[in-house]
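Each protein sequence line maps, in turn, to chains A and R.
Counting from 1, one number per residue, gives the positions in the first sequence under the UniProt record's numbering.
Counting from 1, one number per residue, gives the positions in the second sequence under the UniProt record's numbering.
No lab work stands behind these hints, which were simulated from the structure alone.
Incorrect hints may appear among the rest.
Calculated from the model, a selection of chain A residues having no Cβ within reach of chain R, i.e. all distances over 12 Å [as the list claims (entries may be wrong)]:
{"id": "1", "residue": "F6"}
{"id": "2", "residue": "L12"}
{"id": "3", "residue": "M18"}
{"id": "4", "residue": "L26"}
{"id": "5", "residue": "V75"}
{"id": "6", "residue": "F138"}
{"id": "7", "residue": "R209"}
{"id": "8", "residue": "P233"}
Covered stretches of chain A (chain R as the covering partner; in silico rule of three or more C-beta atoms under 8 Å from a C-beta of chain R) [claimed, not checked]:
{"id": "9", "stretch": "168-179"}
{"id": "10", "stretch": "189-201"}
The structure displayed is predicted, hence computed values, not measured ones.
Just so it is clear, CB atoms sit at the ideal spot from N, CA and C, and this is done for glycine as well.
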Amino acid sequence: MLLQLFSRMIQLIFVLLMLSIATFLLMKMAPGDPVLTILKASEGAVSQLDQEQVREQLGLNLPLIQQYGLWLWSVLQLDLGRSLVNNRAVWDLMMDRLPATINLTAGAVIVLLLVSVPLGVVAAKYKGKWPDHLSRLFALIGASIPSFWLGLLLVYAFAFKLNWLPTMGSGDIRHLILPSITLGFVMAPEYIRLLRSGILDALSQEYVRAARARGIAEWRILAKHALRAALLPVMTIFGMSLSGLLAGSVVTETLFAWPGLGSMVMEAIIQRNYPVIQGYVLLTGVFVVTANILVDLSYRLLDPRIRAKRGRGV
Amino acid sequence: MSLWIRSKRSTVFLGFILMLCLSIVLFGCTQDKVGNTSSGSPSETNNSSSSASKHVTIIHSLPNDTLDPHNTWIALRAGITETLLRLDENMEITPWLASDWEAKDERTWIFTIREGIKFQDGSLLNAEAVKASFERGITDSKALDAALKIDSIEASGQKLQITTREPYPAFPTELVHPTTSIISVAAEDSMGKVAFNSAPVGTGPFMVTSFTSGSEIRLTRFDDYWDGKPKLNEATFKFNADANVRTLAYQSKQADIVFHLSPEMLVSIDADSELDVNSVTSLRTHYFTYNPASSKVSDIHVRQALDKLIDRDAIVQDIMLGHASPANGPFNASLSFGNKEGYQKVDEAGALQLLENAGYSKDSDGKLQKDGKPLTLKLIAFTGVNPELPLIPQVVQSEAAKAGITIEIVSVEYPEVYIADHTDWDISTTSYLTSPRGDGGSFLNSAYVPGGSYNPANIEVKELKPILKELNETGDTEKRNQLTQQAVTMINKAMPHSYIINPNILVGLNNRVTGWKPGPEEFYILTHTLDVK
Chain A
1 MLLQLFSRMI QLIFVLLMLS IATFLLMKMA PGDPVLTILK ASEGAVSQLD
51 QEQVREQLGL NLPLIQQYGL WLWSVLQLDL GRSLVNNRAV WDLMMDRLPA
101 TINLTAGAVI VLLLVSVPLG VVAAKYKGKW PDHLSRLFAL IGASIPSFWL
151 GLLLVYAFAF KLNWLPTMGS GDIRHLILPS ITLGFVMAPE YIRLLRSGIL
201 DALSQEYVRA ARARGIAEWR ILAKHALRAA LLPVMTIFGM SLSGLLAGSV
251 VTETLFAWPG LGSMVMEAII QRNYPVIQGY VLLTGVFVVT ANILVDLSYR
301 LLDPRIRAKR GRGV
Chain R
1 MSLWIRSKRS TVFLGFILML CLSIVLFGCT QDKVGNTSSG SPSETNNSSS
51 SASKHVTIIH SLPNDTLDPH NTWIALRAGI TETLLRLDEN MEITPWLASD
101 WEAKDERTWI FTIREGIKFQ DGSLLNAEAV KASFERGITD SKALDAALKI
151 DSIEASGQKL QITTREPYPA FPTELVHPTT SIISVAAEDS MGKVAFNSAP
201 VGTGPFMVTS FTSGSEIRLT RFDDYWDGKP KLNEATFKFN ADANVRTLAY
251 QSKQADIVFH LSPEMLVSID ADSELDVNSV TSLRTHYFTY NPASSKVSDI
301 HVRQALDKLI DRDAIVQDIM LGHASPANGP FNASLSFGNK EGYQKVDEAG
351 ALQLLENAGY SKDSDGKLQK DGKPLTLKLI AFTGVNPELP LIPQVVQSEA
401 AKAGITIEIV SVEYPEVYIA DHTDWDISTT SYLTSPRGDG GSFLNSAYVP
451 GGSYNPANIE VKELKPILKE LNETGDTEKR NQLTQQAVTM INKAMPHSYI
501 INPNILVGLN NRVTGWKPGP EEFYILTHTL DVK
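All chains, please: the whole structure from these sequences, using the hints.
Okay, here's the thing in structure tokens:
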């Protein structure tokens, strides 16, 4: 177990290093000039001399490898640099936005569980009957609606027509409801289908027939045996969804003016705000690797065979 | 027994995920509430006006990560800070925190700071405080340093003397810009920079009570405001980049003032008698830039012909739904230095005559050609923040096709970068705020001088040089306006650009709001006169 964690930490460092090199090179190759972003903040005339001075001050005239080296050296000293646009520390900017992203992630996961687990189970239990058709129709609609459209429909219905919920912003739990539903519903179809097929597969296994022969109640077989077996592939996808959610959902955050990491990095990309983008990519890398570690750990909880193999040192 | 244990583990695992999610949500929301007085929910916003506490909710389209007054515009827009000089409703420069100013010589300016003004931390505004504010600004903002070109500042009592690094007659125009806001540096010293940039201290009518990065600012009135007690008690300034949601928030009365509504959504607002929409002339101009290195559009006849093929009326009516005005120069015609002559109407016959003079003739397919080569032009289009920008080239493309000109539209993300790196283009869509400070000098110097920041194509109008030289040496506003108009006439003659429209700013204004009208500069949004019924 400890060895596994140690190897994952080494992997994390390697992944982050590769990510930082790739992002650095891609950003430099992309069109756009951060110096103009900085100097045009006041919408005024900017001379070539002004541009050259700022380029020199920021070290943007140095060779690429030297720029990268300087940035990496600062990162090793736990300094992610400052935003080119508003001069704020990148770490502070991200930490300002992270709580909102974590809230939205949690909200979306709750909606996802509340929607996908019952629908997936019911679809499998009543295979070929109307609950199954209904669940599949829901999954089809959910998979076809883009998040920005669903978000707008929800705002129109619950904020404008019914006036029950706020249209945007953050503050209390009511602000979280519409963005969470938007994200949760859009992700749910994939999980409903996975759960349905996983449970159906499990229900055809011999251990389920044996359980039935022992007279165990059907709902118990479904909830304790079949659902559990079906959760293994779901956890793999969940790991990816979780890291994606933690990295921030650009569309949903922008639509609801939710102050998370997604909307922050969108603005940074438009403004060619290199230090913010680099810091964000590093943080996202940490999320992805951590989510993968958590998924691996969840396999041990869900599948006794994995525990047993590891226990025997296989 | 083992079956029971396994079942229990599974239940515990699922329960753990749910509990974790719930606790994060509840914890997060509790955290968010700290420092917030209310949530800005529908009912609270609507009821607030009827109670003793007057409250207004404003939504703007540009999100902010900081309230740093020297790096963003938001502190001035939200009524937290003020500048030495300001623009009046005619876009002319008038005194504000400075009661008076004069030029000692072409590099030296003397400002008299108004007496009896207090910062929101209770300290008095004097020349020393203004000096400290400018010094902080040019240290923390490279853009401000480049714009102000300050060499030295001297302060004595209420007199402030600023010397610039080079002759700079347009210096006062720079001092109306939001990033020249005057702040209490003493307050920043005691609060620390990070805390200060989340709750800056200025002389404005409103003080920050809480700020959520990228989402909203909550403000309360400053009772000791120098220009009269603010009418409102509290205000919420929100940001949302999505025009549809901003409009729905306005329609659901969750916001009283909403900036940048989409023209196509106005029909649904018209039905509500409580909601008004103000269509305000903006300081932005959409225009075409012609490539001086192109073998086709370097011919003035071709540029003039293309100018005649731009159907400005159709663009105003069909794309902007009437919320724009046709442009006849880089600056809005309603400004004191704007071009007062009429705009070019679509004139296909005139355009064809010009092209004939340039040696073009129609082939059997009705296409214009010269020396056997068809007149095919490459037009660079970009989206930018204005949804109408990519539509304008399409209108021109169809009008040009009728005349026998083929226009190929290529969409790029950054036209400035494309232009700087490529020569294979003929026309480019361009859009700038051409007079954000109530003066045209800054734009003329950056768009018509090679190397200027708004001149990636390195356009040079030689005849313009002496006028610009004189303009850059002139401080008198009237004379500057005359010179700017002369420059515009010269530019229209040389036609390096075709000016298309000045788009309007659409601002939703609930009928309960009084004492405030949106201005074209979008600087003064939350003011001490803004009130609600």
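Verification of the supplied hints:
1. F6(A), annotated as away from the interface, keeps every beta carbon of chain R farther than 12 Å; the closest lies near 25 Å.
2. Every Cβ of chain R is farther than 12 Å from the Cβ of L12(A); the closest lies at roughly 22 Å, confirming the non-interface assignment.
3. With a least beta-carbon separation of about 26 Å from chain R, M18(A) lies farther than 12 Å from that chain, consistent with its non-interface assignment.
4. The claim that L26(A) is not at the interface with chain R holds, since no C-beta of that chain comes within 12 Å of its own (minimum 14 Å).
5. For V75(A), the non-interface assignment is confirmed: its Cβ lies about 20 Å from the closest Cβ of chain R, beyond the 12 Å cut-off.
6. With 12 Å as the threshold on Cβ separation, the claim that F138(A) sits away from chain R holds: the shortest Cβ distance comes to roughly 22 Å.
7. With a least CB separation of 15 Å from chain R, R209(A) remains clear of the 12 Å interface cut-off, as annotated.
8. Every CB of chain R is more than 12 Å from the CB of P233(A) (nearest about 16 Å), matching its label as outside the interface.
9. Under the rule that three or more residues need a Cβ within less than 8 Å of chain R, the assignment of the stretch 168-179 of chain A holds, with 9 such residues.
10. Look at the stretch 189-201 of chain A against chain R: 0 of its residues bring a Cβ nearer than 8 Å to a Cβ of that chain, fewer than three, so the hint is violated.
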